[in-house]
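> So you can see what is in the structure, the chains are spelled out below.
Number of protein chains: 2
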Amino acid sequence: MTYTIQNTLIPTEQDYKTVDVQITDGRITAIAPDLEPVGTIIDGHDKLLLPGFVNAHTHSSEMWQRGLIPPVPLELWLAELYDFAPLDPEQIYLSAVGTAVETLLSGGTCVVDHLVLIPGKETETIEAAVQAYRAVGIRAYVAPLIQDEAMSAGLPTNSSNVTLEPFFRSTQATLDLLQEAVTRFHCPEAGINLVAAPTGVHLSTDALLTGCIELSERYDLCRHTHLLETKAQKLLSHEKYGCSAVEHLKRIGYLGSQTSLAHCVWLGNADIEILAETQSTVVHNPLSNLRLGSGIAPILKYLQAGVNVTFGCDGAASNDSQDLLEAIKIGSILHNVTDFDYRNWIAPRQAIQMASLGGATGLNAADQFGSLTVGKKADLVLYDLTSLSLLPRTDPIGLLVLGRPTQAVDSVWVNGKQIVSDGEITAVNVAQLRKELFDRSQWHSSRHSKTMYSTEARYREVMGLEPQ
Amino acid sequence: MTYTIQNTLIPTEQDYKTVDVQITDGRITAIAPDLEPVGTIIDGHDKLLLPGFVNAHTHSSEMWQRGLIPPVPLELWLAELYDFAPLDPEQIYLSAVGTAVETLLSGGTCVVDHLVLIPGKETETIEAAVQAYRAVGIRAYVAPLIQDEAMSAGLPTNSSNVTLEPFFRSTQATLDLLQEAVTRFHCPEAGINLVAAPTGVHLSTDALLTGCIELSERYDLCRHTHLLETKAQKLLSHEKYGCSAVEHLKRIGYLGSQTSLAHCVWLGNADIEILAETQSTVVHNPLSNLRLGSGIAPILKYLQAGVNVTFGCDGAASNDSQDLLEAIKIGSILHNVTDFDYRNWIAPRQAIQMASLGGATGLNAADQFGSLTVGKKADLVLYDLTSLSLLPRTDPIGLLVLGRPTQAVDSVWVNGKQIVSDGEITAVNVAQLRKELFDRSQWHSSRHSKTMYSTEARYREVMGLEPQ
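Just so you know, the protein sequences line up as chains G and E, in that order. Counting from -14, one number per residue, gives the positions in the first sequence under this note's numbering. Counting from -14, one number per residue, gives the positions in the second sequence under this note's numbering.
Treat the hints with care, as some may be off.
Note: identical chains are not told apart, hence a pair may lie in one copy or across any two.
Said to hold, decoys possible - In the DSSO-like style, the derived pairs of lysine-lysine whose C-alpha atoms are separated by at most 30 Å in a straight line are:
(1) K219 x K286
(2) K435 x K2
(3) K2 x K420
(4) K435 x K235
(5) K420 x K235
(6) K420 x K225
(7) K286 x K235
(8) K219 x K361
(9) K106 x K216
(10) K216 x K361
(11) K402 x K361
(12) K402 x K2
(13) K2 x K216
(14) K435 x K216
(15) K216 x K286
(16) K235 x K216
(17) K106 x K2
(18) K361 x K2
(19) K286 x K106
No lab work stands behind these hints: they were computed from the structure.
If we strip away everything but chain G, and leave its shape as in the complex, we get (with noise of 0.2 Å):
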């Protein structure tokens, strides 16, 4: 299949200027004005055209949830979602396809989906968001979230003794399970990736941890996982390591350029250069942060430390949407009040290229995607600049950035294939989404979450708040 993109907008490194871009055999063949054309043309005058986006963070199944836990901290909200966390593989199947298309129509080619598990259909589960994710016609990395500790595991004990049930599943056969998703659905060239992504160290063995380096390293697979997204995990940390997390996951092997790390709030200097110096990708979840309370991730200083960070938006229930550009614009403006010194800050081209190159890089594939490059695989987005939230004209990246652009995606492509068009998503029927996701659900305004309701005394007692 072969397109012309014709007289669209695309940045340069100070401006922008008009070319025709072509698109063959799913990769970008040609960038230049006035070029011959050849395949289907699509009209790009009045539009820009970007490298797409990398949503490098989220939990697809979370959609389910989305709007309903009061604000509380992680330890809390994820004692409540677990709750309620959905039961049936057709619901993963939807919630994955309702994140792919909040993705796409904000800016997102590719999603990194750290995928809980229904305990029992694990592989079910795995195959219900990679048949969405194929449905639609995203890039996806699909992260099964393992772990072989018990959710209480998750809490510092601050030296009381606590008695930890074990986990149901032992880590052979979480490794196991691992394994065979690979083996059964990791097709690289189809657009969909397994990953070795433990939830995180706090709950995790270091058998665990390993076997996952093992399997990545077997199968060539990128690594992800949770980082310090809590003080309540920086405290754990100490506790069980006797050192940082970072300092830790260095030490057996877990960091480098394959590796991307959830949220990262609580790091100190000698962490941030440990991911400089490994290489590692920090994913950067600014709205899930504020939303649980979980901190301001030190964004500005990993970038002066050379540290590589691309953005997430985060499971929908802790966000609660998968808006990409809301991401980056929080994620780049929040920072202003961390630095006196505005020559620090993040500029609008700057997180685009974040978002963008970044997000490849994340996944050790900046040389497969992530930029406007011939030879690179046609993963494209064509923004319409004359929807009322780009208008006036001024600075189109300014204007996607800090704006808050709505109904802006006209046409996205994926490996060279049109998924979006006319601001439309072509391959699924999003009427029948939303028929589905309604009638699925009810309205309602508070439940009962029994396990919140038996953590919060302890979790109160070890952050030091006041008893209930």
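Starting from the known structure of chain G, fit chain E onto it as the hints suggest.
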């Protein structure tokens, strides 16, 4: 004109219920299940009805510069803004229409426009904005932005000798033009209110401030001003008054239940007590406070002290949007990182109340609008709960506040008149607006602001930043 909105969801104290709502002669006349239908019937099925929000602080003409000014602090940003401020009343009209449209489509029914005046065309500027708001039908508080000190007076001197040029218009001439505007345009029953609104203490003499108090008392106007948005303004206030700006405003009688104060980032505990005691309102502009690196306003402290707080988008060159739901979301979740005790965090229902009744309270009009109450003016917004962004069905208010609603506003009434229907503005042609905004602008990525350039060295010096 009489309407009956049938079978709409409305919030109760803790939950939701389905009711009919009747509107007659601009006011809510009945709210109950299964009312006898009268007048035009509106289908409220699968929709949520809420009181309209107040966009309690913006500067409409900044729309011409949105997306364009680089990430720099307020004092440098202002220098560039004024170098390129629009000079044509037709532009003022168009950007006021645009501001009204974006406010309505994000749940607002009322806008406080702290309107930058074209020098020499002050009355024409005000007239253009008034005409725009009357054309769209939104409730408007037009607050001509007045000052009687030159922009260069807005920086602390740091004890160095700075020669300030006088402002081009005298204090009395400034007060006269405000008075003329009140006489010509102030018409609360038609939904147009003039407001006495000096830029801020940092650019006003006491003569201007007390002149504004007198005019507001004579004509029963609200008062509005910027207050301690930046650290520079805090330093300047102490230089100028030998006390905090809040103490000074209290002393001269500016504060009170008719007074709303934009930003309020740099207040101390004693200042907060004064705001509570005088029943003044804080207008929280979270997005511009981040964008300009001004800081995080201590909103949780205001709420704990009993200060009324509401939300504003601020002008579209410092945000760079006019999406009120975005300001409400970020203005709620941002503060979770300022207090480890989640019991002090803002819940979605509280945020909605701050945006509606809190907004009306800040305009001294809580008895007139701001809640679903029989007898109040019908300033109402009906949300389509089948929008993808509000699915699956969970807690509708949670989805509205914590999510990222798009195309969610179905209908809007102001003063009982329907001005949005089926997601479309009824009284103005938005396609034509887009065309006008498009034709009067051009894409570019940068421009040279002489004043920003000449201000920067002094700014860096007084703020203790490394020299250029």
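> Honestly, which of those hints from before does the structure not fit?
4, 5, 6, 8, 9, 10, 13, 17, 19
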